[in-house]
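Chemist: Protein sequence lines, in the order shown, are assigned to chains Y and W. In this text, residue positions in the first sequence follow this note's numbering: the first is 1, and each later residue adds one. In this text, residue positions in the second sequence follow this note's numbering: the first is 510, and each later residue adds one.
The hints are simulated quantities; they were obtained by calculation from the structure and are not laboratory data. C-beta: ideal position from N, C-alpha, C; glycine also. Check the hints yourself; a few may be wrong.
[Unchecked claim] When the alpha-carbon atoms are kept at most 30 Å apart in a straight line, the in silico DSBU-like pairs for lysine-lysine are as follows:
1. Y:Lys126 x W:Lys867
2. W:Lys842 x Y:Lys214
3. W:Lys703 x Y:Lys260
4. Y:Lys220 x W:Lys867
5. W:Lys787 x Y:Lys231
6. Y:Lys235 x W:Lys867
7. Y:Lys499 x W:Lys703
8. W:Lys703 x Y:Lys214
9. Y:Lys220 x W:Lys796
10. W:Lys796 x Y:Lys412
11. Y:Lys433 x W:Lys681
12. W:Lys801 x Y:Lys499
13. Y:Lys192 x W:Lys796
14. W:Lys703 x Y:Lys220
[To be verified] Computed footprint of chain Y on chain W, listed as stretches where at least three residues anywhere in the stretch have a Cβ under 8 Å from a Cβ of chain Y:
15. 699 to 713
16. 776 to 786
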Amino acid sequence: MDAEAQYKLGTELSEFVTNSQAYYEFFQNVQEIVTTASDLSLINMNEVLMDKIKSSASSRAITNIIFYNHKLNSIDENGPVSTTYLGKAQTQWEKKLIKSMNSICTELNMPLAKKRSILEGQELKKIWNELGTNVSDLKKFRPIFSINEIFDHILSIKCNNLTDLAFKSITGLISVPIRIKPFDELKKQYEKMSLEYFQSGLDENLNSLIEQEKHKNGIKVVEINDIIMTKEFSKTGCTRSLRGKLWAQILNVNVENLDKIYYNYLKQCVFDYDLLIDSIYYKDVKTKAVNDDQVFVFEDLLYQVLLLFTRDTHLLKLYENKSIQIPKAYIRPKNGDQRYHPVFYPPNGFLPFEGFTLLVTPICYVYSDPILLYYIFRKFFVTHFYKLSIISSDPQSIIGLCALFENILQSKDPKLFFHLRKLDIQPLRIAFKWIIRAFSGSLLSSQLLELWDRILAFNSLEILSVFAAGVFMYRRQNLMSITNKSHVESILDDLTSLKVVAILQLVFA
Amino acid sequence: MSNNIQPYSYTPSSFRLKYCCDLDKDVLSSNFEKRGWTHVGQDEDWNFYWASVVTVKAMFNSLESHYRLNDYQVINHFPNHYELTRKDLMVKNIKRYRKELAKEGNLIAERDDNGIFKYLDFIPVTYMMPADYNLFAEDFKKDPNSTWIMKPAAKAQGKGIFLINKISQIKKWSKDKWSGISAPLGREAYVISKYIDNPLLIGGKKFDLRIYILVTSYRPLKCYWYRLGFARFCTVKYTSSANDIDNMFIHLTNVSYQKQSDDYNSVHGGKWTIENLKLYLESTYGKEITDKLFDDIAWIIVHSLKGVSSVIINDKHCFECYGYDIIIDDNMKPWLIEVNASPSLTSTTSSDRIMKFKLISDIINIVIPNGEIPDAKNNNKQPTSEALGNFDVLYDEELAAQELSDEDYKKQKVKGGIVPIISKNIKDFKNKQSVTWR
Numbered sequence: 001m002d003a004e005a006q007y008k009l010g011t012e013l014s015e016f017v018t019n020s021q022a023y024y025e026f027f028q029n030v031q032e033i034v035t036t037a038s039d040l041s042l043i044n045m046n047e048v049l050m051d052k053i054k055s056s057a058s059s060r061a062i063t064n065i066i067f068y069n070h071k072l073n074s075i076d077e078n079g080p081v082s083t084t085y086l087g088k089a090q091t092q093w094e095k096k097l098i099k100s101m102n103s104i105c106t107e108l109n110m111p112l113a114k115k116r117s118i119l120e121g122q123e124l125k126k127i128w129n130e131l132g133t134n135v136s137d138l139k140k141f142r143p144i145f146s147i148n149e150i151f152d153h154i155l156s157i158k159c160n161n162l163t164d165l166a167f168k169s170i171t172g173l174i175s176v177p178i179r180i181k182p183f184d185e186l187k188k189q190y191e192k193m194s195l196e197y198f199q200s201g202l203d204e205n206l207n208s209l210i211e212q213e214k215h216k217n218g219i220k221v222v223e224i225n226d227i228i229m230t231k232e233f234s235k236t237g238c239t240r241s242l243r244g245k246l247w248a249q250i251l252n253v254n255v256e257n258l259d260k261i262y263y264n265y266l267k268q269c270v271f272d273y274d275l276l277i278d279s280i281y282y283k284d285v286k287t288k289a290v291n292d293d294q295v296f297v298f299e300d301l302l303y304q305v306l307l308l309f310t311r312d313t314h315l316l317k318l319y320e321n322k323s324i325q326i327p328k329a330y331i332r333p334k335n336g337d338q339r340y341h342p343v344f345y346p347p348n349g350f351l352p353f354e355g356f357t358l359l360v361t362p363i364c365y366v367y368s369d370p371i372l373l374y375y376i377f378r379k380f381f382v383t384h385f386y387k388l389s390i391i392s393s394d395p396q397s398i399i400g401l402c403a404l405f406e407n408i409l410q411s412k413d414p415k416l417f418f419h420l421r422k423l424d425i426q427p428l429r430i431a432f433k434w435i436i437r438a439f440s441g442s443l444l445s446s447q448l449l450e451l452w453d454r455i456l457a458f459n460s461l462e463i464l465s466v467f468a469a470g471v472f473m474y475r476r477q478n479l480m481s482i483t484n485k486s487h488v489e490s491i492l493d494d495l496t497s498l499k500v501v502a503i504l505q506l507v508f509a
Numbered sequence: 510m511s512n513n514i515q516p517y518s519y520t521p522s523s524f525r526l527k528y529c530c531d532l533d534k535d536v537l538s539s540n541f542e543k544r545g546w547t548h549v550g551q552d553e554d555w556n557f558y559w560a561s562v563v564t565v566k567a568m569f570n571s572l573e574s575h576y577r578l579n580d581y582q583v584i585n586h587f588p589n590h591y592e593l594t595r596k597d598l599m600v601k602n603i604k605r606y607r608k609e610l611a612k613e614g615n616l617i618a619e620r621d622d623n624g625i626f627k628y629l630d631f632i633p634v635t636y637m638m639p640a641d642y643n644l645f646a647e648d649f650k651k652d653p654n655s656t657w658i659m660k661p662a663a664k665a666q667g668k669g670i671f672l673i674n675k676i677s678q679i680k681k682w683s684k685d686k687w688s689g690i691s692a693p694l695g696r697e698a699y700v701i702s703k704y705i706d707n708p709l710l711i712g713g714k715k716f717d718l719r720i721y722i723l724v725t726s727y728r729p730l731k732c733y734w735y736r737l738g739f740a741r742f743c744t745v746k747y748t749s750s751a752n753d754i755d756n757m758f759i760h761l762t763n764v765s766y767q768k769q770s771d772d773y774n775s776v777h778g779g780k781w782t783i784e785n786l787k788l789y790l791e792s793t794y795g796k797e798i799t800d801k802l803f804d805d806i807a808w809i810i811v812h813s814l815k816g817v818s819s820v821i822i823n824d825k826h827c828f829e830c831y832g833y834d835i836i837i838d839d840n841m842k843p844w845l846i847e848v849n850a851s852p853s854l855t856s857t858t859s860s861d862r863i864m865k866f867k868l869i870s871d872i873i874n875i876v877i878p879n880g881e882i883p884d885a886k887n888n889n890k891q892p893t894s895e896a897l898g899n900f901d902v903l904y905d906e907e908l909a910a911q912e913l914s915d916e917d918y919k920k921q922k923v924k925g926g927i928v929p930i931i932s933k934n935i936k937d938f939k940n941k942q943s944v945t946w947r
């Protein structure tokens with residue numbers, strides 16, 4: 001990073017910090033110290049103050065903010081190869097999505113957005129806690145894009161700098177030269193997943209004493225509220241009853257008054273405007289969550305999160321300085337102005353894929369307060385999940401994760417990989433739907449949360465690729481014995497018996 | 510019964526158990542077939558009978574056919590199970606049990622300053638109708654805003670249930686029901702219970718718990734807790750406002766009732782596994798509160814069984830699997846609503862089918878150890894941990910007595926009458942228990 005960029009980042013951060021409520025509290029705290037400290041004089045003011053400030057909770061809150069936001073800003077697009085073609089692929093993909101959205105619009109002959117009448121808004125407000133009953137006929141709505149569509153698009157990406165011969169993928173499907181972490185580096189990074197460390201949730205009964213010890217430590221960690229320490233602790237898993245607090249600390253989510261006001265503002269936006277995309281979310285919840293015996297109870301919470309999410313313009317910031325174009329719609333104001341004005345559509349700039357709901361459902365297990373639930377999900381999204389549907393050279397974007405998956409499986413278990421390839425089975429074709437949904441909907445809820453603990457603690461989606469490869473390795477024996485392409489489904493269809501930690505340990509062992 | 514009974518001579522390889530079954534349920538027949546058992550009629554020499562309550566009633570209770578079971582026969586109901594499974598009798602027995610304990614000066618029957626039982630207040634206030642009408646009316650006057658639920662004492666699956674919140678409603682109803690010409694053959698007994706109007710909600714929805722309990726003996730008490738229970742959710746959002754009092758979908762969680770609703774989902778049938786419920790509660794309320802809740806539920810179940818153990822005919826040929834219905838209120842206090850003698854074996858979904866198949870399979874493994882001919886004279890063996898399957902020992906009076914030294918046992922007896930619970934395979938279950946099971 002050059003000096004200029006550093007300076008820019010510094011000013012941005014300090015501006016961000018001084019605008020936060022934590023800073024306000026910090027400031028008050030300092031004033032309090034100044035007025036109450038008896039041993040304070042002009043000579044030692046600096047030392048005494050620094051000493052007291054350092055050990056205060058309010059200064060830790062600020063360290064946490066800086067640490068969190070500093071990390072957040074970096075989408076890593078500095079791969080070894082020129083990546084303009086990936087930028088092009090992203091632009092093509094965006095065009096495709098807009099086209100799809102437009103054709104849904106014309107097929108249904110419905111506007112993208114319309115203002116609700118006051119009465120309509122009031123009616124909706126009344127049933128806010130049971131939005132599931134509000135649904136009319138959803139048959140005609142379809143997802144903006146299916147998982148297969150984005151998969152096919154990714155496969156179609158070719159790097160023009162490379163001739164087919166130079167990077168003829170003899171093995172996997174991803175034919176894009178993208179930076180992948182060597183396995184040794186990965187192993188080092190995930191050292192805490194090695195067998196030497198006790199992992200919580202592996203077997204609660206057998207290790208109940210260690211589990212209790214871990215829980216006790218966890219209570220201390222939560223109390224100290226230091227983001228780095230919390231992450232280290234969570235690398236070996238969050239115990240169930242502390243998970244909510246640990247996650248909130250890692251994601252640096254504190255619901256403050258301002259957040260509550262903003263939440264209610266977003267809610268009001270739902271009552272004021274009817275968006276076409278709402279119905280697409282409704283349909284997604286109905287087809288993906290309401291029929292799922294693990295998450296159906298959360299139906300109404302899901303609508304609340306998703307309808308607010310799509311209206312949350314806070315998310316637009318995410319796409320600044322990145323090679324991503326936000327879709328726009330055009331409106332003509334009612335005041336007689338004949339010109340069309342561009343607006344972002346949907347307001348948060350994000351078009352969801354089929355099954356997007358599943359990225360919210362696991363969080364419902366952890367938080368019962370809808371406001372906290374919303375902010376945790378939003379943070380999850382801006383930190384990690386948005387990378388699952390953009391095309392970029394960031395190793396954590398979906399292409400990077402796919403390439404990593406193929407790479408791990410190939411290098412850790414080449415025999416299995418080639419056996420499957422011989423039968424014309426592409427492992428990635430199976431793993432893709434797991435990865436893009438972060439395994440939600442495939443695992444038992446308790447296991448899924450274990451996996452997501454590691455996403456947060458190691459601050460990376462790479463664990464999804466590792467785990468996907470692990471699933472193949474774990475079912476190796478069955479997979480090696482198949483002789484026909486069609487049998488693979490029956491082996492990998494049901495993952496509900498899997499233990500996440502055991503499989504991760506298997507890969508890293 | 511046929512007259513020429515052949516003396517049994519069998520070798521393990523050639524012998525096939527004979528079973529009889531009243532219910533045409535897939536989860537039953539597939540279990541029998543899997544074991545290679547032979548199907549026989551009721552009049553033949555069966556070893557294992559899965560009978561309906563009607564059959565059992567006829568078999569044990571009618572005077573003319575005094576049925577005697579042989580040592581090699583077991584059946585799935587106790588002769589007078591209704592002491593527990595009829596709503597009115599259950600309440601009566603629990604009230605009597607509390608009185609008895611109080612008389613002995615047992616600490617379990619202690620009351621707090623308001624006269625409420627400290628440890629045995631686990632059924633909603635209930636009166637028999639029409640017998641206790643005056644008592645009920647008096648109680649109602651004290652708290653005129655309360656809601657009450659009327660249930661026929663002997664019916665299941667949500668039949669004949671309704672809510673009232675005005676005394677006039679019950680007056681009108683009793684006039685129609687009991688004094689008109691339309692009341693044939695005596696009065697049908699009803700119970701009226703205070704409605705739990707502050708249930709714990711998840712995702713805004715009300716639910717109750719269905720827990721399967723297997724009892725193989727009442728004296729000494731031996732009961733087993735089936736781990737794969739579930740929570741049943743209402744399809745409609747919960748509101749306690751008076752306008753909705755007629756919308757029974759909100760209030761009743763019986764699947765057979767909910768099935769009539771438009772919102773019923775046939776994929777999961779509104780059922781959530783206890784495992785998932787625990788995960789949710791531990792994550793949102795913490796482990797301590799969740800553990801205490803499940804301890805309290807175990808407590809309720811054991812005491813409801815102890816409450817009837819002195820009146821149940823402890824026939825050595827009998828075992829029984831009960832469906833316990835429990836509601837949790839928003840103070841995390843569980844309430845016993847009712848106990849079903851023949852919990853539904855109809856499978857509503859595929860995972861439901863798997864769960865019920867395992868239930869029957871695990872029951873058979875416990876009551877027919879090693880698949881051998883049952884022996885009623887000598888059936889007090891402890892099931893091995895493999896045979897337990899998805900069951901955990903909830904309470905075993907014999908084992909409980911063995912595990913304590915004589916002195917401790919006496920002390921416990923004095924304190925509570927019930928000695929700490931035993932669970933061989935769940936270690937932490939035991940640890941927890943000894944804390945709460947004072």
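Chemist: All hints, please: hold or fail.
Modeler: Hint by hint, here is what the structure shows:
{"no.": "1", "hint": "Y:Lys126 x W:Lys867", "result": "44 Å, violated"}
{"no.": "2", "hint": "W:Lys842 x Y:Lys214", "result": "28 Å, holds"}
{"no.": "3", "hint": "W:Lys703 x Y:Lys260", "result": "38 Å, violated"}
{"no.": "4", "hint": "Y:Lys220 x W:Lys867", "result": "42 Å, violated"}
{"no.": "5", "hint": "W:Lys787 x Y:Lys231", "result": "25 Å, holds"}
{"no.": "6", "hint": "Y:Lys235 x W:Lys867", "result": "36 Å, violated"}
{"no.": "7", "hint": "Y:Lys499 x W:Lys703", "result": "44 Å, violated"}
{"no.": "8", "hint": "W:Lys703 x Y:Lys214", "result": "43 Å, violated"}
{"no.": "9", "hint": "Y:Lys220 x W:Lys796", "result": "16 Å, holds"}
{"no.": "10", "hint": "W:Lys796 x Y:Lys412", "result": "39 Å, violated"}
{"no.": "11", "hint": "Y:Lys433 x W:Lys681", "result": "61 Å, violated"}
{"no.": "12", "hint": "W:Lys801 x Y:Lys499", "result": "27 Å, holds"}
{"no.": "13", "hint": "Y:Lys192 x W:Lys796", "result": "25 Å, holds"}
{"no.": "14", "hint": "W:Lys703 x Y:Lys220", "result": "44 Å, violated"}
{"no.": "15", "hint": "699 to 713", "result": "holds (count 3)"}
{"no.": "16", "hint": "776 to 786", "result": "holds (count 8)"}
Checked against the numbered hints above, the structure breaks hints 1, 3, 4, 6, 7, 8, 10, 11, 14 and satisfies the rest.
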